[in-house]
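Chains as they are written, first to last, in our numbering: chain S, 33 to 378; chain W, 33 to 378.
A hint or two may mislead.
Just the calculated beta-carbon pair ranges, DEER-fashion [as the list claims (entries may be wrong)]: (1) R198(W) - G344(S): 44 to 50 Å; (2) W172(S) - K338(W): 32 to 38 Å; (3) S196(W) - S81(S): 55 to 61 Å; (4) E366(W) - P87(S): 26 to 32 Å; (5) P216(W) - R117(S): 41 to 47 Å; (6) A250(W) - Y79(S): 46 to 52 Å; (7) L367(W) - S81(S): 42 to 48 Å; (8) K48(W) - H373(S): 57 to 63 Å; (9) R117(S) - S196(W): 51 to 57 Å; (10) Q317(W) - R117(S): 44 to 50 Å; (11) R223(W) - G344(S): 55 to 61 Å; (12) S196(S) - L261(W): 48 to 54 Å; (13) P306(S) - K48(W): 52 to 58 Å.
Everything labelled a hint here was simulated from the structure, so no lab data went into it. Ideal Cβ positions, reconstructed from N, Cα and C, are used throughout, including at glycine.
This is what each chain is made of:
Number of protein chains: 2
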Amino acid sequence: MEIYTLTPNPVHTISKLIFGDSWDDLRHFLPGKPVILVTDSTVYRLYESYFTSYPCVITEPGENNKQLENVQFILNQLLEFGADRSSLLLAIGGGVVGDMGGLAASLYMRGISFGYVPTTLLAMTDASIGGKTAVNLGTWKNIIGTFTQPEFVYILPQFLATQSDRDFCSGMAEIIKHAFIGIPEAISYIRESHQEIWSRKSETLFSLIKQSVLYKSAVVEQDEKELGLRAILNFGHTFGHAIEEEGRYTHGESVALGMMLAARISEIHCGLSPAVTHELKSLLQRFSLPVEEFPSSDQLMHNIRKDKKKSGNHIRFVYLTSPGHPRVELSSFELLESYLHKILPI
Amino acid sequence: MEIYTLTPNPVHTISKLIFGDSWDDLRHFLPGKPVILVTDSTVYRLYESYFTSYPCVITEPGENNKQLENVQFILNQLLEFGADRSSLLLAIGGGVVGDMGGLAASLYMRGISFGYVPTTLLAMTDASIGGKTAVNLGTWKNIIGTFTQPEFVYILPQFLATQSDRDFCSGMAEIIKHAFIGIPEAISYIRESHQEIWSRKSETLFSLIKQSVLYKSAVVEQDEKELGLRAILNFGHTFGHAIEEEGRYTHGESVALGMMLAARISEIHCGLSPAVTHELKSLLQRFSLPVEEFPSSDQLMHNIRKDKKKSGNHIRFVYLTSPGHPRVELSSFELLESYLHKILPI
Numbered sequence: 033m034e035i036y037t038l039t040p041n042p043v044h045t046i047s048k049l050i051f052g053d054s055w056d057d058l059r060h061f062l063p064g065k066p067v068i069l070v071t072d073s074t075v076y077r078l079y080e081s082y083f084t085s086y087p088c089v090i091t092e093p094g095e096n097n098k099q100l101e102n103v104q105f106i107l108n109q110l111l112e113f114g115a116d117r118s119s120l121l122l123a124i125g126g127g128v129v130g131d132m133g134g135l136a137a138s139l140y141m142r143g144i145s146f147g148y149v150p151t152t153l154l155a156m157t158d159a160s161i162g163g164k165t166a167v168n169l170g171t172w173k174n175i176i177g178t179f180t181q182p183e184f185v186y187i188l189p190q191f192l193a194t195q196s197d198r199d200f201c202s203g204m205a206e207i208i209k210h211a212f213i214g215i216p217e218a219i220s221y222i223r224e225s226h227q228e229i230w231s232r233k234s235e236t237l238f239s240l241i242k243q244s245v246l247y248k249s250a251v252v253e254q255d256e257k258e259l260g261l262r263a264i265l266n267f268g269h270t271f272g273h274a275i276e277e278e279g280r281y282t283h284g285e286s287v288a289l290g291m292m293l294a295a296r297i298s299e300i301h302c303g304l305s306p307a308v309t310h311e312l313k314s315l316l317q318r319f320s321l322p323v324e325e326f327p328s329s330d331q332l333m334h335n336i337r338k339d340k341k342k343s344g345n346h347i348r349f350v351y352l353t354s355p356g357h358p359r360v361e362l363s364s365f366e367l368l369e370s371y372l373h374k375i376l377p378i
Numbered sequence: 033m034e035i036y037t038l039t040p041n042p043v044h045t046i047s048k049l050i051f052g053d054s055w056d057d058l059r060h061f062l063p064g065k066p067v068i069l070v071t072d073s074t075v076y077r078l079y080e081s082y083f084t085s086y087p088c089v090i091t092e093p094g095e096n097n098k099q100l101e102n103v104q105f106i107l108n109q110l111l112e113f114g115a116d117r118s119s120l121l122l123a124i125g126g127g128v129v130g131d132m133g134g135l136a137a138s139l140y141m142r143g144i145s146f147g148y149v150p151t152t153l154l155a156m157t158d159a160s161i162g163g164k165t166a167v168n169l170g171t172w173k174n175i176i177g178t179f180t181q182p183e184f185v186y187i188l189p190q191f192l193a194t195q196s197d198r199d200f201c202s203g204m205a206e207i208i209k210h211a212f213i214g215i216p217e218a219i220s221y222i223r224e225s226h227q228e229i230w231s232r233k234s235e236t237l238f239s240l241i242k243q244s245v246l247y248k249s250a251v252v253e254q255d256e257k258e259l260g261l262r263a264i265l266n267f268g269h270t271f272g273h274a275i276e277e278e279g280r281y282t283h284g285e286s287v288a289l290g291m292m293l294a295a296r297i298s299e300i301h302c303g304l305s306p307a308v309t310h311e312l313k314s315l316l317q318r319f320s321l322p323v324e325e326f327p328s329s330d331q332l333m334h335n336i337r338k339d340k341k342k343s344g345n346h347i348r349f350v351y352l353t354s355p356g357h358p359r360v361e362l363s364s365f366e367l368l369e370s371y372l373h374k375i376l377p378i
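So here's chain S without its partners, still in its complex pose (with noise of 0.2 Å):
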């Protein structure tokens, strides 16, 4: 028998990230290559008026499309299209086209050039970092994708004026939860500002967006595939997706209450004070974020062993401490379920 252990060149990946002032500064950013489009229908069809300069993949949006027939569909386009290897594709739109686009981006021809525009403030402030792309296999979210920088992300809050005021609370809960487990200081500006957000005043979205965004990159920086300190970003998430799960809360309404819970239960795991939750609770309630219809725990330990994150019997779960210190742990079903049943009826 004869080993030969063989080691490839690293690879290195760059993005930009880009807080821009208009729509038309963004040609700026793009090279003198071929560039697609990729929206949905939603985009389309309200700045129809910016899809006029390059050719445009429309796909339908909405959670229960990004799975991998629809990755197959824009891939099919781009061939239609003519992409080739020095072609650029330039997403569009929340979420789903986000992540849609860089999976499409980072399969079509082993990888050509990915750009990204969110247009919603869950995207703006947490899909559009992190090089994490991925779609849902039937109920599953999340289980297929790619580790993808994307060139640049430009970031444009003029996008905001057009959201539903419940997707853009729902984006709201990411940057709380930004705020409470790694910029102290943005609690008390969320709650002067809050009722400059509400009337989403441009400078203040800005400011907000951009601290929370350059705290995600600052994270994701140090651990790209969240082998370790990225793991902190999940506060709130593994309840939270568990929520989601039952199809009645937006991802944001649902990690909104993955937090509360995630906070009641660091009071018993390690002696949170009881008056950061209440902050928590009443900062997650100017935004009319859900802070206490909570399914059982039965219902909520059962998706919960289905988690992708699990190791075995064990899953990482973060606690928070205090403001600002977060604390990951592997934690047992048996602990979790026994912290729930103080806090909930089973």
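Using the hints provided, position chain W relative to the given structure of chain S.
For chain W alone, coordinates are given in the frame of chain S:
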């Protein structure tokens, strides 16, 4: 406007290449993680006893089954078998199984461990090395895929005992290609030992495959993403793919014809000695590979203009100046067409 540049950590990948003595030894390379096998129904039938220890996904054999739908079938099976991030997908089969298994492993939960046991000569010498996975999109070959290094490739020549003569000889085309572009001393070795090769004598095959595989892996190591040097491995493949698309010949047979055209073009373009072309032809013929039955030059050029490696009106073509000295040049379709007209009927 504000711009930030993010530089995530480089991703290091390491791949082990093992020339094995027996099926049982393979166990030493299976780590203490859950293993799921992927194979096709032909390999499964021939080696059923090998597949008893682990859950096994069985796909349909053949290039026409190398489609995204079948990758999705594998992904669904992984989900059913309860594969998680700690699982290892072990693909056992020819290039189609390796491609689909590798692509599934790179997509499932954004990437799980992947090992590969190639069972055909072509897969052992060619598909096993390079970290490329791909499926076809309709009739477009290998247009969808990823760059994914397997954790290990386990080469066991005993699998070749059950391979058909036609497929075995198809694999010889790539071995002869490697000899002409990079291992001139292998040319005489193949000529002198062609009887032992035909009778599939273990030691001869072992040394033949090792020579070829180590050459390819040395090229790939220097150029994992096919930005430069690696292009030399496409010798005979520009016309080869155009011929393969006609559906009459296997991949290896098409490459044999493609190399004959590339050699004759190289005589005109860069003074390759006709004696080398003659040597190439005689070696290919010893393994029953076609060397003269070309499509018309019009048909060839029609197919080549759709090649995914083209850049506008040009394509990187691999010429040969002498054995061991390939030369890659960006050549216009017009130039290649003019050469074809000197060689083939229109």
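Quick rundown of the hints versus the structure:
no., hint, in the structure
1, R198(W) - G344(S): 44 to 50 Å, "47 Å, holds"
2, W172(S) - K338(W): 32 to 38 Å, "36 Å, holds"
3, S196(W) - S81(S): 55 to 61 Å, "60 Å, holds"
4, E366(W) - P87(S): 26 to 32 Å, "27 Å, holds"
5, P216(W) - R117(S): 41 to 47 Å, "32 Å, violated"
6, A250(W) - Y79(S): 46 to 52 Å, "51 Å, holds"
7, L367(W) - S81(S): 42 to 48 Å, "43 Å, holds"
8, K48(W) - H373(S): 57 to 63 Å, "47 Å, violated"
9, R117(S) - S196(W): 51 to 57 Å, "35 Å, violated"
10, Q317(W) - R117(S): 44 to 50 Å, "36 Å, violated"
11, R223(W) - G344(S): 55 to 61 Å, "56 Å, holds"
12, S196(S) - L261(W): 48 to 54 Å, "53 Å, holds"
13, P306(S) - K48(W): 52 to 58 Å, "53 Å, holds"
The structure fails hints 5, 8, 9, 10 (numbered hints given earlier, in ascending order).
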